[in-house]
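S.K.: Now for the letters of each chain:
Protein chains: 2
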Amino acid sequence: MTMSRSVHPIIAPPMHPFLWGTPDEARPLGDGSRGLLSAMLGIDADSGSRPELDDVRLTDSSLSDADREALEAIVGAAAVSTDRDQRVGRARGKSYLDLLEWRSGDVVAAPDACVAPADEDQVLEVLELCAERGVAVVPFGGGTSVVGGVNPVRGEFSSVISLDLGSFRGVEDLDEVSGEVTLGAGLTGPEAEELLAEKGWSLGHFPQSFPYATIGGYAATRSSGQDSAGYGRFDEMVRALTVVTPTGIVEAGHAAPASAAGPDLREVFLGSEGAFGVITKVRVRVHRKPEVVRHEAFRFPDFASGTAGVREVAQLGAGPTVIRLSDEPETMVNLAGATESIGEMNMNPGCLCITMYEGPAGSDADVEARMARTREILEANGGESAGAAPAEAWEHGRFGAPVLRDALLDAGALCETLETATDWSNVAALHAAVGEAVTEALAPAPAFVLCHISHVYPTGASLYFTVIGAQSDDPRGQWRRTKDAASRAIIDGGGTITHHHAVGADHRPYLAEEIGEVGVAVLRGIKSAIDPAGIMNPGKLVP
Amino acid sequence: MTMSRSVHPIIAPPMHPFLWGTPDEARPLGDGSRGLLSAMLGIDADSGSRPELDDVRLTDSSLSDADREALEAIVGAAAVSTDRDQRVGRARGKSYLDLLEWRSGDVVAAPDACVAPADEDQVLEVLELCAERGVAVVPFGGGTSVVGGVNPVRGEFSSVISLDLGSFRGVEDLDEVSGEVTLGAGLTGPEAEELLAEKGWSLGHFPQSFPYATIGGYAATRSSGQDSAGYGRFDEMVRALTVVTPTGIVEAGHAAPASAAGPDLREVFLGSEGAFGVITKVRVRVHRKPEVVRHEAFRFPDFASGTAGVREVAQLGAGPTVIRLSDEPETMVNLAGATESIGEMNMNPGCLCITMYEGPAGSDADVEARMARTREILEANGGESAGAAPAEAWEHGRFGAPVLRDALLDAGALCETLETATDWSNVAALHAAVGEAVTEALAPAPAFVLCHISHVYPTGASLYFTVIGAQSDDPRGQWRRTKDAASRAIIDGGGTITHHHAVGADHRPYLAEEIGEVGVAVLRGIKSAIDPAGIMNPGKLVP
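Chains as they are written, first to last, in the UniProt record's numbering: chain A, 1 to 543; chain B, 1 to 543.
These are calculated hints, taken from the structure and not from any lab test.
Wrong hints could be hidden among the right ones.
[Said to hold, decoys possible] Derived pair list, reagent style SDA-like, types lysine to any residue, alpha-carbon separation capped at 25 Å:
| no. | chain 1 | residue 1 | chain 2 | residue 2 |
| --- | --- | --- | --- | --- |
| 1 | A | 289 | B | 319 |
| 2 | B | 199 | B | 254 |
| 3 | A | 289 | A | 371 |
| 4 | B | 289 | A | 317 |
| 5 | A | 289 | B | 377 |
In isolation and in its complexed conformation, chain A is listed as follows (with noise of 0.2 Å):
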């Protein structure tokens, strides 16, 4: 190493292994909660437990002393590490199968080592040296994949290394003019929205793995955030970004906020998963921080008509930033979650739809104009407003669900989520099909199917499943027989094996019935052009 490189000394993620957010972050389930635990899934939430960290034990680290010397003389001692402490923080995301496997008192997979670059020379000479030695890299940023993005799979190498985007930090180019700036793929959503704020400008993108998540996250996974409606997808957000893969750097998209130039290689980009290369910076649509806000719910009788509802709000560009819409299952559970006991569960509550409504300081006319003009078309769908107070709610607690999912855990019960998207003429029936499927597949252990439309388009939506049950003396086999229902009923359905959550190594056997054979080709095709060693993020996203 030369003195005149910088070095970023790695420094372990924020988040608890297998707990979601921080130790500190944790709550107890309310009494609603646990009275319906009790009552419909017949689980003690008194009776439950959790390992400690220390206890759990860890693959050794197979990376030679030769390949760590070389990786050191690239990115300096002090960012790479073999670490416990380091490597424990980078093994797995958090899917529910990632969580039982902390649990199982299993031997868990660990990256040999995490290795930080500073910056994008770095990056191309690891990748490089991965490349000529045989080492897997998995790009890791916050570590918050649901589908087994970030576990280190070694495919066909000796070892792999968990590639930390911690040093990519940075805020660049802000160009007031286009409403465009640079971010670096390490920032996390609440660090960028701070670097931003502070200039008065937002992003607007706030998945529900926000707190943790990161903009290299987001691109590299095709992220959709609560506030779709009004401000895109990520992948509509990205004006631009930079990847760097072992045969190159490329930045594409770059020239132009739209092209005719051939295909569009951001596209490329966007989903590639860590597969094709390491994305560092992405630069994205940016717009006047949000000053005028309003909320307002409205309930609806059934999901027919309130998928009706928000379908028109959509295709008529009403204009809302966020809506939504549970079924009548998380309606009822959301409600009783809140309740003091189970007595006062209302078990007809019919399904509720959020809206809010947001714009720059001085939009308060057009934020009204959006507002009345959803509230007429949901209301000739037969919905009726519930006032500010349920969405209001709703967003103060946006971001609590996943806390939740660990004191359900500890509880003993089985908890995740899985995802899709269709048009609007095959939502009923997706709907009815994936949740017959995971009923099926649980039976006869009683579950939850809860499900809501969260993100919304002119032509479909989709479907966002939580499944709560009672777990079985094999629970990794009980998921992983309930996923395959699931995702088969999604594929059989007509729908996509996922809308926001990515393929990783989770959705991989089915994306290949996706996409058809010509598809696999040209993913293959991209890859053996540009990671020909076929090191970057073996076992996942292709198949």
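Given chain A, work out where chain B should sit, using these hints.
M.R.: Frame of chain A, contents of chain B only:
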């Protein structure tokens, strides 16, 4: 050929090979235009001439008898032609260089045969045969390319066929709930709109090539229509597409309106310009036929204030269906062209901005609100309403300019367009740089370099240049040098080499600079994976 296979007899393209449209669409230059040509460019519009089509010499067909018989065995004898009448109509697109070649007296290279498969299976068999026998394939839709996209480049092969999409003219699977329909790639714009209008729907894609260009061509070239502010670019309308490649048929994007299942394969085939395969069907978003239409024009003191106005309209989402801004020279020349004599010319008319607003039946209030919001923003930036008439006049003549070009060429004038797009913050600089580069390259010959913004995005806009000048003794060399100077100014000035004309053969030398080495590797990787013999449109798109 078995009797059960369908045969689509090949039909010659409707356009005259070197005129826009059919000869009866021809219009003479008006007195204002003739005066302008004479006074400003020294061109006598009465001195020109046009060659007879029968006098133009074509290359002979080099297709072997064996290859012809093999093709006939797949598609039927009536769907294969080596006749002059068929080959002449598919020999060139409609760029200025194409038109000059017809007028040059040189032998024009024509495809060796024209082949019109009846369905996807026949297309696949034709491509498999051509891959096996080494025959290049150029897909042909409307033949409106202005970048050499349909020219019969043989590449390393001994012959080249023009593959006609004329039999793909279906309208299928209209989903009135989701607002989607599947259109055959060979439908022209008017054919598609007429078939949709019968059912109360519209696509809303109106590029200048609308009367002749096809749905498949729109997708293959990332076409952008004049109503892009309201209905989006064509690529944004595409829900899914069917592509026949030499290695199989792919359906891209069919599963959902949005997905996180890896790279977006639609975006690989959109803009693929026949270099990866043949687009046979496109599933698009449609909207209710507009019944409410409003127009308003504005005058700005200069291009800078007008640019600021249309930028703010785009960034605040005010919602016009069409918004266009001409620079000072274009405003002046358009006004002069409409006058009776050169003496009436207003040499300082400012900049004309055209807006149009559409909505479905019953949307009057919404349309009026969008119009009022747009007016408010444009006026705040220095625009003054000029009433509906200039915008109505623009709409009336919106598809007429290419016909006028033929009259200009008859008169011995140089006339061509070129286009780019860039960030809003770079619009003024790029506008100046391209204008200067073109003017300098043509000097000392006088020329008009006119420009307008016709496609706006939150982060940037397109710039569309029209160049009218006096031809030199070597008009093709003159334009090649001018086009290269403009292209260098675009690339060096940070724009894209093409916003909606596509790459074809003409922009291919500049593409590598825009997408970089890794970008080129990605395109080559895709091509070699699905067109390993390299028969698809050699010499186009992929550097």
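S.K.: If a hint holds in the structure, say so; if it does not, say that too.
M.R.: Taking the hints in turn, this is what the structure says about them:
For the hint linking residue 289 of chain A to residue 319 of chain B, the alpha-carbon distance of about 21 Å falls within 25 Å, and the restraint holds. Taken as a hint, the residue 199 of chain B and residue 254 of chain B pair is honoured in the structure, with Cα atoms around 23 Å apart against an allowance of 25 Å. Restraint check for residue 289 of chain A and residue 371 of chain A: satisfied, since their Cα atoms lie roughly 19 Å apart, inside the 25 Å limit. Among the hinted pairs, residue 289 of chain B with residue 317 of chain A is consistent with the structure: their alpha-carbon atoms are about 16 Å apart, no more than 25 Å.
About 20 Å separates the Cα atoms of residue 289 of chain A and residue 377 of chain B, which keeps this hinted pair within 25 Å; it holds.
No hint from the list above goes unmet by this structure.
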